[in-house]
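Student: So the chains spell out like this:
Protein chains: 6
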Amino acid sequence: MFHHSAKLQYPVKVDKPNPEFAMLLQQAIGGIEGEIRVAMQYFFQAMGARGDDRIRDMLMSTATEELSHIEMLGHAVALNLEGAPVSYQEATAKDPVMNAILGGANPRHLLSSGLSAMPVNANGVPFDMSHVYATGNIGADMLANATAEAGGRVLASRLYNWTDDHGMKDFLSFLIARDTYHQQQWLAVIEEMGGMKSQLPIPNSTPEDHENMQHSYYYLNTLLDKEAPKGRWAEGPSLAWISHSTSASTALRL
Amino acid sequence: MFHHSAKLQYPVKVDKPNPEFAMLLQQAIGGIEGEIRVAMQYFFQAMGARGDDRIRDMLMSTATEELSHIEMLGHAVALNLEGAPVSYQEATAKDPVMNAILGGANPRHLLSSGLSAMPVNANGVPFDMSHVYATGNIGADMLANATAEAGGRVLASRLYNWTDDHGMKDFLSFLIARDTYHQQQWLAVIEEMGGMKSQLPIPNSTPEDHENMQHSYYYLNTLLDKEAPKGRWAEGPSLAWISHSTSASTALRL
Amino acid sequence: MFHHSAKLQYPVKVDKPNPEFAMLLQQAIGGIEGEIRVAMQYFFQAMGARGDDRIRDMLMSTATEELSHIEMLGHAVALNLEGAPVSYQEATAKDPVMNAILGGANPRHLLSSGLSAMPVNANGVPFDMSHVYATGNIGADMLANATAEAGGRVLASRLYNWTDDHGMKDFLSFLIARDTYHQQQWLAVIEEMGGMKSQLPIPNSTPEDHENMQHSYYYLNTLLDKEAPKGRWAEGPSLAWISHSTSASTALRL
Amino acid sequence: MFHHSAKLQYPVKVDKPNPEFAMLLQQAIGGIEGEIRVAMQYFFQAMGARGDDRIRDMLMSTATEELSHIEMLGHAVALNLEGAPVSYQEATAKDPVMNAILGGANPRHLLSSGLSAMPVNANGVPFDMSHVYATGNIGADMLANATAEAGGRVLASRLYNWTDDHGMKDFLSFLIARDTYHQQQWLAVIEEMGGMKSQLPIPNSTPEDHENMQHSYYYLNTLLDKEAPKGRWAEGPSLAWISHSTSASTALRL
Amino acid sequence: MFHHSAKLQYPVKVDKPNPEFAMLLQQAIGGIEGEIRVAMQYFFQAMGARGDDRIRDMLMSTATEELSHIEMLGHAVALNLEGAPVSYQEATAKDPVMNAILGGANPRHLLSSGLSAMPVNANGVPFDMSHVYATGNIGADMLANATAEAGGRVLASRLYNWTDDHGMKDFLSFLIARDTYHQQQWLAVIEEMGGMKSQLPIPNSTPEDHENMQHSYYYLNTLLDKEAPKGRWAEGPSLAWISHSTSASTALRL
Amino acid sequence: MFHHSAKLQYPVKVDKPNPEFAMLLQQAIGGIEGEIRVAMQYFFQAMGARGDDRIRDMLMSTATEELSHIEMLGHAVALNLEGAPVSYQEATAKDPVMNAILGGANPRHLLSSGLSAMPVNANGVPFDMSHVYATGNIGADMLANATAEAGGRVLASRLYNWTDDHGMKDFLSFLIARDTYHQQQWLAVIEEMGGMKSQLPIPNSTPEDHENMQHSYYYLNTLLDKEAPKGRWAEGPSLAWISHSTSASTALRL
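Protein chains in written order, with the numbering used here: chain W, 3 to 256; chain U, 3 to 256; chain S, 3 to 256; chain Z, 3 to 256; chain H, 3 to 256; chain E, 3 to 256.
Isolated chain W, as found in the complex (with noise of 0.2 Å):
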């Protein structure tokens, strides 16, 4: 079960509040890059997790931070959203040109949340569980982790770059490390197993006569003026383990 405490896990501070960067970080909580998602997916995968008693902790451990991250960013947007106007006064007090009295702000955050975070993404689109990825094979559900905090680092770095708030930006390269660390951690898993090359193709436990594997080791080129691009995918050995995995790769036109 679950338990909080109070502290949060990295503290969070806004120089100079800003709605529209409030806006912004709605992306890392709703987005598909976001912090519900992460936790979602561990969490329902750890759920899931029949073997390795280690994968699953790690999963329901790092969920749990996940939820965290969640909670600092809440907090990040309702410190932008301090002070924002909520009235046509007070917003044509701050911005005297009349037609864009809301100043790039998401209007929800107005209207709906009471200068609140919303699980949503930096348009106002309502997270969507279906982008919960957990297919209970262990190979799959790594690789969607370790993407999903490759989107995330990507997203948070971006955001750093959208601010000049010193206490944003501190904010920011906390996040940016430890989607480094999760990237690395996922991937270690798949090390652990015997490396990537154990593991591909993707299940690993698909016996050979399921598969035709005449088809299994070409590059198709379906573009009619184009050559294939010569490079690591149609030449050299096979990334994977399996039997016929010594075949070279190799590019065709059907």
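Honestly, the hints are just simulated from the structure, not real lab data.
Here the structure is a predicted model, which is why all the values come from computation and not from measurement.
Do not rely on the hints blindly, as some may be mistaken.
Where chains are identical, the list cannot tell them apart; a pair therefore holds if satisfied intra-copy or between any two copies.
[What the hints assert, rightly or not] List time: in silico BS3-like cross-link candidates among lysine-lysine, alpha-carbon distance up to 30 Å:
#1 232 <-> 199
#2 228 <-> 96
#3 18 <-> 171
#4 96 <-> 18
#5 15 <-> 171
Fit chains U, S, Z, H and E to the known structure of chain W by using the hints.
Tutor: The following block gives chains U, S, Z, H and E in isolation, referenced to the frame of chain W:
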């Protein structure tokens, strides 16, 4: 920040796994009456709470409890899927009637999740976060919370009726009990704030001159061939506190 | 069956069209706090009502009134979009600052709807019907309805603050008034049925032996470093009617 | 504004309740071919209509009729769910085959709605309002309406085939008839405006110099190994009115 | 199967990048009037087509063309985002007014997509595939296709008006032209099959005894205080072919 | 631009049509593990690709191949629906047990699509385009692509197990093979760029001073009553390239 301990909040046992009941239980995870919803609703309300610390703490504390409810339900779904057929051979061995080999299960439990819970409802529709109701107005939010717990207890009671598994009935009797308490918990906040009458109309901070009070106290009958139904809604003193609340409600036809 | 008459329920005037306010008004049409939601919620509850005729009639009658509210809001949006620019030339004539030619408007009012209302919220997200709460349990449904009207009045009050247009203020003061009444209307149904205490816990028909009553009357504190907040939720008699309700609520740490 | 009278537009009877047919009927309520869609589509088109009063009145009048269709279907669903099992005991009494106790019903009719209609389709997916097509262009909107009625009559005809209940067949024969009329009603508007030729291309107000007319009258064959199919689309005069419409259509390969 | 060649179907140039126009163009990619929709609609109709080979080929061929339209629009969006600011410093250098640094752009073009097109509309709402209309009935599907092309041309015409960029105007004039043709292409299928009259009512295969013909030919006036509007919908011969179609339409009040 | 040729990429045969398997196959079309997703994901990545031409060509080429996979699956669904009952009479002739006449099929295959494929998953939920992952960062996008192919092969392997139809097994063995290759294709891009270590942390362009490196290399244990699991994630050198990557990972409790 959040923490996790290994024991479930309440033990979850299944006497006889039942994939169809696994599908039904999904409503309590990813349905609008379900636990993801209340966990996230209380969490976002807590992050936005700016006033009385007790309310914010209670919101965060109960959000945390609801996360533990998701966890128990995730286990319940997985236990109900133990031994479920994962191939045509297994399924037809169990069910010789060819045209319904899935036997009422959610096909995605078999195809997508590896016999584990998913953040979807009993129809397989993913939960979407637009159902996190959080306005920043305590009166409105407490009503929303009591509503969510009412829906949750209606659902848990119906699930109780749909199983004859002793383990599941025991587990559901716990959820029913917690929903009993939580309904009162949120209504008690309204009592703390002076009672429902003091809160109505919500928000009770709207200035009187923002309201066209001629239209505040009559039942409008839009039925062409029926009298307005008689009852408390059309007679007796107002349920709200404000000065004009001495006027009786009446029925009107426009 | 339904009928229509030409006059609006209340006159809608706009002194000075404002495309940005048209965008904000959309929240009252297609937001979760909006009029499509209440119209459809009461309508579906009415169609499912099997008991007291008065409740069913009231649900259908007020559903019908809410359809008329959508109608008024649709007019309000169209009036606010009168004369809005529909080309780059018009827009830049109004706003010489090149990089914000839309001036805070919803671009789809200009591109998709022909300067008319759409069934979307202030972020342009379409309303989805999962927000029609209707369980068939009167207690749960009346709470859901009071919640919806509370959210509606919070929104209408905030919209009132976001305009200085006399026509719009007058129109919103009418909506605020009707939300005042409707909150009480649904709570009056609970009073008619014997008051909140008689309904709690909802559903009040769940047999006592379906509930593990040891867990029905304590506040669970999941906060590791905070005391349970003191208040009505942790002391005093139960708010519910059933036999065991004499036990006082308490706070507990698991 | 809207009003309501007690009688259904057409009597709805069910000889023998059938929960599976209740699930199928949901497609006619909350499917894209369903009645919520047409009611809301005509309603929003009416609210946006700025030109010919007759069209606006017809849109509002038929929107109102479609609301009455939702109402009839809601009754039809509720009648088909009368006496449906609400517990494991009842269900297994009806169906001794253990692994499909729900017997093809929508589980949420049993768990969520209290044996009543919901605003969802036959898969339980909630209707979302993005399907309200309303561009403000009469030609485009009338085509959209005829399309909706065509889809509606295809569905009603298929539902007719999926039941042997005399009550349901009678009810569906009424819906089929109204869809017959409504298809013609909207196409008659196009006839009123001068016929299809005068409207094409829609919108017929786009200035000729906004169109690269070299590309306006040929069928483009993107199939590498097939001739362009011969037919009216590749020969004969244009179906559109504008000056260049005398050029014949042809087939082309890029 | 599908193939690709390097040249765009029509050249796409942007004279002066404009992030706000990039946002508007998204409606033509991921809006309900957009190209993903028609590509997928024709593709799914083609896969389901069982009758006349010419129709199936045409559906597949034009689906393929529409994929090329998505491709052109994707380039147009990317070109409009060239040089867009990706940091606070860049943005404020361009726009010294602090409170609207994004200047009307879609924030997710900056945060999520790396200055590229996304499958979303102008509000940032992702396209959902429920808008792929395909019933298997040719009459209904051709009307749906003509409707989609009508909506598409309305949108392209409005986009044309919202830019003063010569490159973009040239590109849009091509899309406008193709929509002109495609509207006629699908209506020509109906002409091939004997004309609209022979198809109405859609589906024209519903047996006459499945229809309650008393209700097939009258306009129902649900407006209490207005006469039924006079027009082709209430007088003259039926637009449909079937035997009973000689009866004139009339207006009726229930 | 795109082109089409008549032959399927691989022949699709069904020995014995099975409407229930048609429903399962939908997951491979419209599920998050399905072919619409990869086709659109690679397509949008290709349109946004600004660097190495080989990657852009490969993305476009494989997007095109995935469109051909949708096409094959569409045929597979239609073939499995051949001869499916379209009326109550047919259905009950096949299945005399009254209460499950649809026999596990998707009711919308029968009601909505005319026995054809739809862009929905195995629960009938439409695909939504938010699942097109495309950040513009090659490392992140290649991981996302390998993840998608891993999910796809897990699904295809499970579908293989759920059928005893030789035609379907043969077809699925082809899809399994192509997923084998595509997993390696995208990982080979990472190898081309210098290997995973050179890419980590993704994005590898974030300046070191944007990251709070104290927090970049420890596993955080949020489990109160469990030790941090030992493993590669908590010991050994970093998997990432950057200067600080020599520090070993460790486990920490906050």
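Student: All hints are to be evaluated individually against the structure, with a verdict given for each.
Tutor: Hints versus structure:
For the identical chains of this complex, residue 232 and residue 199 are neighbours both inside a copy (22 Å) and across copies (22 Å), given an alpha-carbon limit of 30 Å. For a Cα distance limit of 30 Å, the shortest separation of residue 228 from residue 96 qualifies neither inside one copy, at 56 Å, nor across copies, at 40 Å. In the homo-oligomer, the alpha carbons of residue 18 and residue 171 lie at most 30 Å apart inside one protomer (12 Å), although the nearest pairing across protomers, at 32 Å, exceeds that limit. Proximity of residue 96 and residue 18 under a CA criterion of 30 Å is satisfied in both settings, with 15 Å inside one chain copy and 21 Å between copies.
Only within a single protomer do residue 15 and residue 171 lie at most 30 Å apart by alpha-carbon distance; the minimum there is 9 Å, versus 38 Å between protomers.
This entry does not satisfy hint 2, going by the numbered hints stated previously; all others are met.
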